[in-house]
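Under my numbering, residue 939 is the last one in the first sequence; the count climbs by one each step, no gaps.
In case anyone wonders, no lab produced these hints; they're calculated from the structure.
It is possible that some hints are incorrect.
Under the rule of at most 25 Å between Cα atoms (straight-line distance), these lysine-lysine pairs were calculated in the BS3-like manner [claimed, not checked]:
hint	residue 1	residue 2
1	Lys837	Lys772
2	Lys422	Lys438
3	Lys493	Lys847
4	Lys670	Lys379
5	Lys422	Lys379
6	Lys772	Lys925
7	Lys925	Lys837
8	Lys670	Lys561
9	Lys753	Lys493
10	Lys379	Lys745
11	Lys657	Lys670
Label pairs and their computed distance ranges (CB to CB) [said to hold, decoys possible]:
hint	residue 1	residue 2	range
12	Arg589	Arg747	26 to 34 Å
13	Gln402	Gln782	40 to 48 Å
14	Glu394	Ser905	49 to 57 Å
15	Gln402	Ser904	32 to 40 Å
16	Asp777	Gly839	38 to 46 Å
17	Ile909	Glu394	43 to 51 Å
18	Asp474	Glu729	33 to 41 Å
The structure presented is a predicted model; accordingly, all values stated were derived computationally and were not measured.
Every residue gets a Cβ at the ideal spot worked out from N, C-alpha and C, and that includes glycine.
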Amino acid sequence: MHIKETLSQRIEAAFAQQELAGSAMVQVSSRPEHGDYQANGVMSAAKRAGKNPRDLAGYLLEKLSIADIASSVEVAGPGFLNIRLAPAYLATVNAAQIDQAATSQTVVVDYSAPNLAKEMHVGHLRSTIIGDCMARVLEAQGHQVIRQNHVGDWGTQFGMLVTYLNDSGASSQTLADLESFYRQSKTQFDQDQDFANRSRQAVVALQAGDPDTREAWAHFIDISMSHCQSIYQRLNVTLTPEHTQGESTYNHDLPAVIEDLEAQGLLVVSDGAQCVFLSQFKTKKGEILPVIVQKSDGGYLYATTDLAAIRYRTGTLNADRILYFTDARQALHFKQIFAVSAEAGFNRSSAQLEHMPFGAMLGADGKPFKTRAGSVVKLTELLDEAELRAAQLIKEKNSQLDPQEIQTLSRIIGIGAVKYADLSKNRTSDYLFDWDQMISFEGNTAPYLQYAYTRIQSVFTKGGIDAEALPKQTVAVDEPERLLAVSIAAFNDTLRAVSTEGYPHLLCNYLYVLATQFTRFYELCPILSSAGEIRERRLVLAHQTGCTLKAGLALLGIDVPNRM
RNA sequence: GCGCCUGUAGCUCAACUGGAUAGAGCAUCGCCCUUCUAAGGCGAGGGUUGAAGGUUCGAGUCCUUCCAGGCGUACCA
Numbered sequence: 376m377h378i379k380e381t382l383s384q385r386i387e388a389a390f391a392q393q394e395l396a397g398s399a400m401v402q403v404s405s406r407p408e409h410g411d412y413q414a415n416g417v418m419s420a421a422k423r424a425g426k427n428p429r430d431l432a433g434y435l436l437e438k439l440s441i442a443d444i445a446s447s448v449e450v451a452g453p454g455f456l457n458i459r460l461a462p463a464y465l466a467t468v469n470a471a472q473i474d475q476a477a478t479s480q481t482v483v484v485d486y487s488a489p490n491l492a493k494e495m496h497v498g499h500l501r502s503t504i505i506g507d508c509m510a511r512v513l514e515a516q517g518h519q520v521i522r523q524n525h526v527g528d529w530g531t532q533f534g535m536l537v538t539y540l541n542d543s544g545a546s547s548q549t550l551a552d553l554e555s556f557y558r559q560s561k562t563q564f565d566q567d568q569d570f571a572n573r574s575r576q577a578v579v580a581l582q583a584g585d586p587d588t589r590e591a592w593a594h595f596i597d598i599s600m601s602h603c604q605s606i607y608q609r610l611n612v613t614l615t616p617e618h619t620q621g622e623s624t625y626n627h628d629l630p631a632v633i634e635d636l637e638a639q640g641l642l643v644v645s646d647g648a649q650c651v652f653l654s655q656f657k658t659k660k661g662e663i664l665p666v667i668v669q670k671s672d673g674g675y676l677y678a679t680t681d682l683a684a685i686r687y688r689t690g691t692l693n694a695d696r697i698l699y700f701t702d703a704r705q706a707l708h709f710k711q712i713f714a715v716s717a718e719a720g721f722n723r724s725s726a727q728l729e730h731m732p733f734g735a736m737l738g739a740d741g742k743p744f745k746t747r748a749g750s751v752v753k754l755t756e757l758l759d760e761a762e763l764r765a766a767q768l769i770k771e772k773n774s775q776l777d778p779q780e781i782q783t784l785s786r787i788i789g790i791g792a793v794k795y796a797d798l799s800k801n802r803t804s805d806y807l808f809d810w811d812q813m814i815s816f817e818g819n820t821a822p823y824l825q826y827a828y829t830r831i832q833s834v835f836t837k838g839g840i841d842a843e844a845l846p847k848q849t850v851a852v853d854e855p856e857r858l859l860a861v862s863i864a865a866f867n868d869t870l871r872a873v874s875t876e877g878y879p880h881l882l883c884n885y886l887y888v889l890a891t892q893f894t895r896f897y898e899l900c901p902i903l904s905s906a907g908e909i910r911e912r913r914l915v916l917a918h919q920t921g922c923t924l925k926a927g928l929a930l931l932g933i934d935v936p937n938r939m
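Can you build the whole structure from these sequences, using the hints too?
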């Protein structure tokens, strides 16, 4: 059910009868006394037509055929149309059912992309969970989603790591703590001239495809990837090894990228480096801003790799759309890459290329989130802390639970809280990571939504009711019921906005409003103590809410407990 | 220098991309558990949306100029 679209169509049909053009501009009403939805488009349409907006709105009302979905439409203010949805229309909702997109696209979602030289840290969190949410939403809407984990598995630092791995004996045990392994090898690299030289030779050997070096490298990558995999599992992120398409997989195509650019006359040698100069990247003064695709020493850069990735994703994967979830600092890089690929014809399927930037994660002091000692926070440590804090709170709130259940709950609640804290904020801005606020579990947090869900489950448990045996739909009567029904019905409008704009926080906001609406209903409309039709329709509404909360949270990659 | 982003209540964030009286949570204060889980609900206070202009029926949102902060800006990713 797409309410905005349906309302827009009806209103725009009335527009057409008045020989007006333009969007009806339907949105959820800004205030409850203005109804459920409002159309703002009459005023701008009237302006274009040189007519009085209020008069025009009046004429439109006469032409408007909408009685089956709206119980009332009123002209208000300078020309707003205030719409109240009819309970009979709301009763046709298939709660929590996700509508399929009219045309299914092949969408490449590029996210997570940790550097395999080190352990995953908080800097990887946003890309990983925001990208994962988008992948889930697009997939649920019937798009063919291809997850691409563009991991950093190539480059000079791997020469150092592989050499150190060989020196210290290539056991998995050695790599148990990837972080200290990296530190040790770096120390060795800085202190030991011989080691440094051998490391540089290893890079050359690796690039040249030397079997032994290659094998050691593969071993290292393998172990590092399994570190990531355990994090993904803990985080409830859908990435698996088959989604890994690291930088190294484009290695073979890099010379061809350069050749193609050369053949098209796009390359210019500047200070020994191969560059592409595009007019749109000149500064006002006319200073040139190159995209360097090959270093003066012959090495390639991430620009080259990303160009190769575009060729692969559009040429082989045949993408209609490619979404990049990387931090905002790379905005210029992607602008350049997209421009070069357009110029060079690398976008072989004419895919829509979209950089979905996000801001930094800051500590309570407003500076990049670090440990007290000033080092980056490992993701494992962050998740440990989240579960620990959740466990403490759970014990406080509900002491009857057995240890096993507390453990399960602290995972669901703790991890959910961390993910939700991130997903619920506007992607593009920086955000403050504050334990106390996040684990307060009040207001717009995952635990609030989970709590609302468990209250619903509790109603069914307590009443001994099989929710599946209930009717799927019902007609709301009392106002709190109707408002809840309006919220439930807006699910797909929200998902559509999320998938086109790439903003998971819209889904979070929606779920929060839904949960709030439910809680109000829960306070005002007794369920189990009611009888007959009243009891049944309230049970149906409660069940619809529960399904929608569960489905929505699942799209965010957050689980729901049955009690807490 | 140039470019991009950000600036909203004491704090953390919204505001559906130009709509009506800028909304939530936290914190503060006052109510509500013999009734389906109080991780909850109801209410109060709290704002010159960084500043000044402009565009128009209408601006937190668009344009200009400032102010403050962050980031980027030729061989890291």
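So, going through the hints one by one against the coordinates:
For a cut-off of 25 Å, the pair hint linking lysine 837 to lysine 772 stands: about 20 Å separates their Cα positions. Only pairs whose Cα atoms come within 25 Å are accepted, and lysine 422 paired with lysine 438 is accepted, the gap being roughly 19 Å. For the suggested pair lysine 493 and lysine 847, the alpha carbons sit about 50 Å apart, so the restraint of at most 25 Å is broken. Distance restraint check for lysine 670 and lysine 379: the Cα-Cα separation of roughly 52 Å exceeds the 25 Å cut-off, and the hinted pair is therefore not satisfied.
Distance hint between lysine 422 and lysine 379 is fulfilled; the C-alpha atoms sit about 23 Å from each other, no more than 25 Å. In summary, the hint linking lysine 772 to lysine 925 is supported, as the alpha carbons are separated by about 22 Å, within the 25 Å threshold. For the proposed pair lysine 925 and lysine 837, the alpha carbon gap of about 20 Å is at most 25 Å, so the pair holds. As the CA atoms of lysine 670 and lysine 561 are separated by approximately 24 Å, the hinted pair is consistent with the 25 Å bound.
Proximity of lysine 753 to lysine 493 is assessed by CA-CA distance (about 10 Å); at most 25 Å being required, the pair is judged to hold. For the given pair, lysine 379 sits about 44 Å from lysine 745 by alpha-carbon distance, which is inconsistent with the 25 Å threshold. Distance check on the hinted pair: lysine 657 and lysine 670 sit about 21 Å apart at the alpha-carbon level, within 25 Å; holds. A C-beta distance of roughly 41 Å is found between arginine 589 and arginine 747, which places it outside the suggested range of 26 to 34 Å.
Evaluation of the 40 to 48 Å hint for glutamine 402 and glutamine 782 yields a pass: the beta carbon distance comes to about 44 Å. Checked against the hint of 49 to 57 Å, the pair glutamate 394 and serine 905 passes, with Cβ atoms roughly 51 Å apart. Our hint of 32 to 40 Å for glutamine 402 and serine 904 holds, since their Cβ atoms are close to 37 Å apart. Remark: the range hint 38 to 46 Å for aspartate 777 to glycine 839 is contradicted by a beta-carbon distance near 23 Å.
For the pair isoleucine 909 and glutamate 394, the beta carbons lie near 48 Å from each other, so the given range of 43 to 51 Å is met. Against the hinted window of 33 to 41 Å, the Cβ-Cβ separation of aspartate 474 and glutamate 729 comes to about 22 Å, which falls outside the hint.
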